[in-house]
Amino acid sequence: MAKIDNSLLDIGYMDKLASGDSSLHRLDPRAKLITTLAFILVVVSFDKYAVSELIPFFIYPMVQIAVGSLPMNYLMKKVLLVAPFALLIGIFNPLMDRETLIQIGSFHVSGGWVSLVSIMIRFVLTVTAALTLITLTGFNAVCMAMEKLGTPKPFVIQLMFLYRYIFVLIDEAARMVRARSLRSFDSNAMAFGLVAPLVGQLLFRALDRAQRIHLSMCCRGFEGRFRTLGPMTIGLKEYGYVVGWSSFFIFLRFYNLPVKLGEIVTSIF
Amino acid sequence: MSHHIVQADNLRFTYPDGTVGIRNVTFRITHGESVALVGANGAGKTTLLLHLNGCLMADEGVLKIGDYPLTKKNLTAVRRSVGMVFQDPDDQLFMPTVFDDVAFGVLNLGMPETEVKNRVMQALETVGVPHLYNRPPYKLSGGEKRAVAIATVIAMSPDVLVMDEPNSNLDSRSRSRLIALLKTFEHTKIIATHDLDMALDLCERAIFLHDGGIAADGPTPALFRDEDLLARCHLEKPLRMQGCPLCGAKNIKQAGPTIRHSHPVKG
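Those sequence lines, one after another, are chains E and V. The first sequence stops at residue 271 when you use this note's numbering, and every number in between is there. The second sequence stops at residue 271 when you use this note's numbering, and every number in between is there.
Derived by calculation from the structure, the hints in this document are not laboratory data. Among these hints, one or two may not hold up.
Below, computed lysine-lysine pairings styled on DSSO-like, alpha-carbon distance capped at 30 Å [to be verified]: (1) E:K79 x V:K143; (2) E:K150 x E:K239; (3) V:K143 x E:K18; (4) V:K187 x V:K68; (5) E:K150 x E:K18; (6) E:K150 x V:K143; (7) V:K143 x E:K155; (8) E:K18 x V:K121; (9) E:K79 x E:K18; (10) V:K143 x V:K77.
Sample of chain V residues with no beta-carbon within 10 Å of chain E, all distances over it, derived [to be verified]: (11) T30; (12) M88; (13) S161; (14) D205.
Just so it is clear, CB atoms sit at the ideal spot from N, CA and C, and this is done for glycine as well.
Next comes chain E alone, as it looks inside the complex (with noise of 0.2 Å):
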């Protein structure tokens, strides 16, 4: 369970981030979230055996990191933590993809292995984009931002509201499972029996909550509709943002930029 709440702890850190203080951290959170849905967009529409292409794409995300002067450490360990998904997508293309599609001398690279390893740079690349997107802006934020811009409402709040509670239902779950681990002295594994009513009463709990929270809301006049204050601008600089950055990725897609680097260099000598 301390893992639990240490990757919480981690959460936090990135709530803490956010209110730093950038020419990036203070763009209207519209742009930010425009652009990095570009830029995935983009990064997954290159065929399933691009690499070399997908290359100078690491400029933004490097742009990003260092312009919000965020921790890349931290980055890369978030990133690493969610590898093992996209390598498992991946895993198997090697084995059935033996067909050989680059050679060096007597060296054969079989697609399999190139379209494994596309997969795992579009993979750093989209998870990178999604993570400065978060602390550079904040979580709510990025909600505000899809609300603003035609997300329907009760879809964005339901997202608010896991992001503000899921700390305390894992509080209470870990809570739960720290009184087991106290009162069961010969096994540290949790026999399925016992895992359905801890489950259950965790339900129950969260119902609970619900309803004294929906009580709390109405108490304060609440009659269906989320009111905000958001000072939400879009000026020039976004515009900027938005159109700078796309035309960039359009044109990365297009145009093969180490390709035509080495096709220059190659020329000259």
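On the provided structure of chain E, position chain V as indicated by the hints.
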């Protein structure tokens, strides 16, 4: 018309599972009064409080807030005048930041943006935590959470302040700070508690609840001296009205709720 009067007439409420919540509850609380609702666990304090702003509706009897009986129709108006502070601040603080949370109720009153900001900061200053305005609620300490929870309610400037165990889970310093803060409020206050010392500090009148019914209603110091009544309601005398903790002396001169006892110095 005054919103400040709370009058209950023969209230009765039974939970769907058949448990009697409150029965035959009758009282009248007038403008500016500070009333302690005392009783053991399960005596019906919270159930009664939930009636005061229509979270629960009585099966029988009439509850009047101001001059009008509480009905589903005037629920919104009643909730504007009766502010409720819940027992667990985590239930009350659901927005991403402290500022948003305090602004939630004020925004629902339909105020303009500048007025909302003024009110929020004013409320946070009143409870002494203006510096917390941009913090997420889950990161606050118990005392801070409680202060912010109170701010969320007073920002809406209610006429009647209803609190459920406001000092539960607080350390002694936070507790005395809270008592000092509540003393400064001029609202009509209804405070459910089993901390009789706090009741003695804050409320001139006490209503004793036992098994869902009213066991006594009168001036706090007099009721707290009634040992039979306290025993019947599963309560004990407030600590400061008990014998001296050092020598156990019982014949302490009692002068009002504050009792002075000079202890002989040994040696």
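Okay, the hints, checked on the actual structure:
no. : hint            : in the structure
1   : E:K79 x V:K143  : 24 Å, holds
2   : E:K150 x E:K239 : 18 Å, holds
3   : V:K143 x E:K18  : 11 Å, holds
4   : V:K187 x V:K68  : 26 Å, holds
5   : E:K150 x E:K18  : 24 Å, holds
6   : E:K150 x V:K143 : 27 Å, holds
7   : V:K143 x E:K155 : 26 Å, holds
8   : E:K18 x V:K121  : 23 Å, holds
9   : E:K79 x E:K18   : 17 Å, holds
10  : V:K143 x V:K77  : 38 Å, violated
11  : T30             : 24 Å, holds
12  : M88             : 5 Å, violated
13  : S161            : 12 Å, holds
14  : D205            : 26 Å, holds
Hints 10, 12 from the earlier list are contradicted by this structure; the remaining hints agree with it.
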